[in-house]
Amino acid sequence: MLWCGTPRLLPLYIWVFSHWNIGKRIRSRAIPYLFSIMDLTVNIGHLKLKNPVMTASGTFGYGEEYSEFVDLNRLGAVVVKGISLEPREGNPPPRICETPCGMLNTIGLQNVGLKRFLKEKLPYLRRFDTPVIVNILGNTVREYVRLSEALDNAGVDGIELNVSCPNVKKAGMIFGTDKKTLAMLVSKVRQSVKRAVLITKLSPSVSSIQEFSKIAEDSGSDAVSLINTISGMAIDIETGKPKLSNITGGLSGPAIKPIAVRMVWETYNAVKIPIIGMGGIMSAEDAIEFMLAGATAVAVGTANFANPEATVAIISGIEEYLGKKGMRGVKEIIGGLNNAQSYNNLNN
Amino acid sequence: MSRHFKAKIINNLSLNGKNGLLSMEPLEPVINPEPGQFYMIGVSNSHDPFLKRPFSFFRKTSEGIQFLYEVRGRGTMMMKGFRGGEVINILGPLGKGYPEPGGDKTPLLIAGGIGIASVFSLVEAFAKRAYVFYGARDKEGLLMLDELEGLAGELIISTDDGSMGEKGTVVDVLNDFLTSDGSTELAEVFSLLTSYLIYACGPKPMLEAVSRIALGRGIKGYISAEENMACGVGACLGCAIKVKSQTLALCYKMVCKDGPVFPIEEILW
Chain H
3 MLWCGTPRLL PLYIWVFSHW NIGKRIRSRA IPYLFSIMDL TVNIGHLKLK
53 NPVMTASGTF GYGEEYSEFV DLNRLGAVVV KGISLEPREG NPPPRICETP
103 CGMLNTIGLQ NVGLKRFLKE KLPYLRRFDT PVIVNILGNT VREYVRLSEA
153 LDNAGVDGIE LNVSCPNVKK AGMIFGTDKK TLAMLVSKVR QSVKRAVLIT
203 KLSPSVSSIQ EFSKIAEDSG SDAVSLINTI SGMAIDIETG KPKLSNITGG
253 LSGPAIKPIA VRMVWETYNA VKIPIIGMGG IMSAEDAIEF MLAGATAVAV
303 GTANFANPEA TVAIISGIEE YLGKKGMRGV KEIIGGLNNA QSYNNLNN
Chain S
313 MSRHFKAKII NNLSLNGKNG LLSMEPLEPV INPEPGQFYM IGVSNSHDPF
363 LKRPFSFFRK TSEGIQFLYE VRGRGTMMMK GFRGGEVINI LGPLGKGYPE
413 PGGDKTPLLI AGGIGIASVF SLVEAFAKRA YVFYGARDKE GLLMLDELEG
463 LAGELIISTD DGSMGEKGTV VDVLNDFLTS DGSTELAEVF SLLTSYLIYA
513 CGPKPMLEAV SRIALGRGIK GYISAEENMA CGVGACLGCA IKVKSQTLAL
563 CYKMVCKDGP VFPIEEILW
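Protein chains in written order, with my numbering: chain H, 3 to 350; chain S, 313 to 581.
Everything labelled a hint here was simulated from the structure, so no lab data went into it. The model shown is predicted, which means the values in this text are computed figures rather than measured ones. Take these hints with a grain of salt, some might be off.
What the hints assert, rightly or not - Straight-line Cα separation of at most 25 Å, SDA-like style, residue types lysine to any residue; simulated pairs:
1. S:Lys451 x S:Gly480
2. H:Lys245 x S:Leu562
3. S:Lys556 x H:Asn248
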């Protein structure tokens, strides 16, 4: 049982055992590191993830696109591109442009629609030992309900309500920026989701992220995910034209990370349900920052575009950090912000 | 063999103020590229810029994989600064290239400006069989002329300012070529036109004009399209291009995955 390292670690074992009395502190650091008993699992509602790193919707296609670069079995969960009842063609080009430390997109929720997703995309993802979370969007509450019913029956592990897309007129954002509408939507969907965990993806474009996350919690969400992109705009000064066909688009990437970390921290102080943190996570350090602020899990988005292997690099980086800090489990990081002033003191 | 690999810069030649020729050697076994395919090249290790840039595969030599590029923005400016020995991250080969050169049709290869990068390996593949129409703004913008001279069946040069070759755009020259045959017999003209096969890469207005000419005269062919890209593997859905669809609904394909090479009749301009 004790012999689970490689032979080249033998001198280390001998050292550890001969210094057994040095103290608890060293033991608590060395043992998990040497015997790899680090626990990376986290829970989102009743869903157990093997590690806290998932993909952010819209940045990982339907999983298959990245399967030659990443062993999908290694991921905490795969969150697929937002699905609507009917297929959507999306917005005209140009749909993306890079901005300082970030990118703007106005894809317009192009997707294959529910039918094709269930028939062509889901069976592929089912081959892996990784939970599948489906991001959904509708034009009406009824559409959200029909989508979540169908997906729940199909046995997906999680449903993420997209109520925060800045790039389409009818669907999306309107549900996420009006308190009453959000409450009604989440509670209606809750009634139809029996097996899957229900996640509400919140918009950063609200006056108080705490109020909206509380509404999601009170209406029956098992978790909240935040943040979606922040509405932005860029202009080509030579032509005077907007750089995106839709004029405005959603900003993602490292540029929005501090905003996202702040919002995760605020939400952590307002709700009891788990938070899936995202917004510009490029490295394990970024992921840990989100977890210290209160995220139970993190989603890697735009980083996949720059480095298709970003997710697995982040998982390894988190493991290394745990070893270095002598922690036994990733749960020890969650909400571990070491602040002189508590949230309540700051706001009273 | 992975399509995500590290490569060592062998050299980075400056061809003129704007253009460069980058040669690199993959540090691991890689997949062989086909004409018309592309690579996403990582230009910096920082967050600004952080997205890789798409570049058409130029050719493979004993010096490794080569890319011909034009400095247009921050990414290509950083690329110009690459020095021999530096190691960079690369993704590729990606997308669908030109179909295998075969059959008995006469290939018409049309390149505008830096579009020559995509077409060049086809010129090589067609081994002296192809008519190559190559246009640029001025003499300075014409690249790799000596090599092209040796590889093309016939090389027809044009510049916008007339500083070299014929004065005018490559589209003007193509139009003249297709009309100057002097034949009036309808059946003869028709059989001549249908004996051609077009392959084109260049700026959007050029591709649109070439497509109109091809469609108008019933010539089949392919164009290599360009669009802003983030991932290069069909995940971000950023590089949409409008294509014709059976229904009335708008229909997009992805330049990175469905292309970058498309049959001319497929694109909706």
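Against the structure, the hints:
Pair hint Lys451 (chain S) plus Gly480 (chain S) holds up; C-alpha atoms about 12 Å apart against a cutoff of 25 Å. Under the criterion of a C-alpha separation no larger than 25 Å, the hint pairing Lys245 (chain H) with Leu562 (chain S) is consistent with the structure, at around 21 Å. Between Lys556 (chain S) and Asn248 (chain H) the alpha-carbon distance is near 21 Å, which keeps this suggested pair within the 25 Å criterion.
Taken one by one, the earlier hints all hold for this structure without exception.
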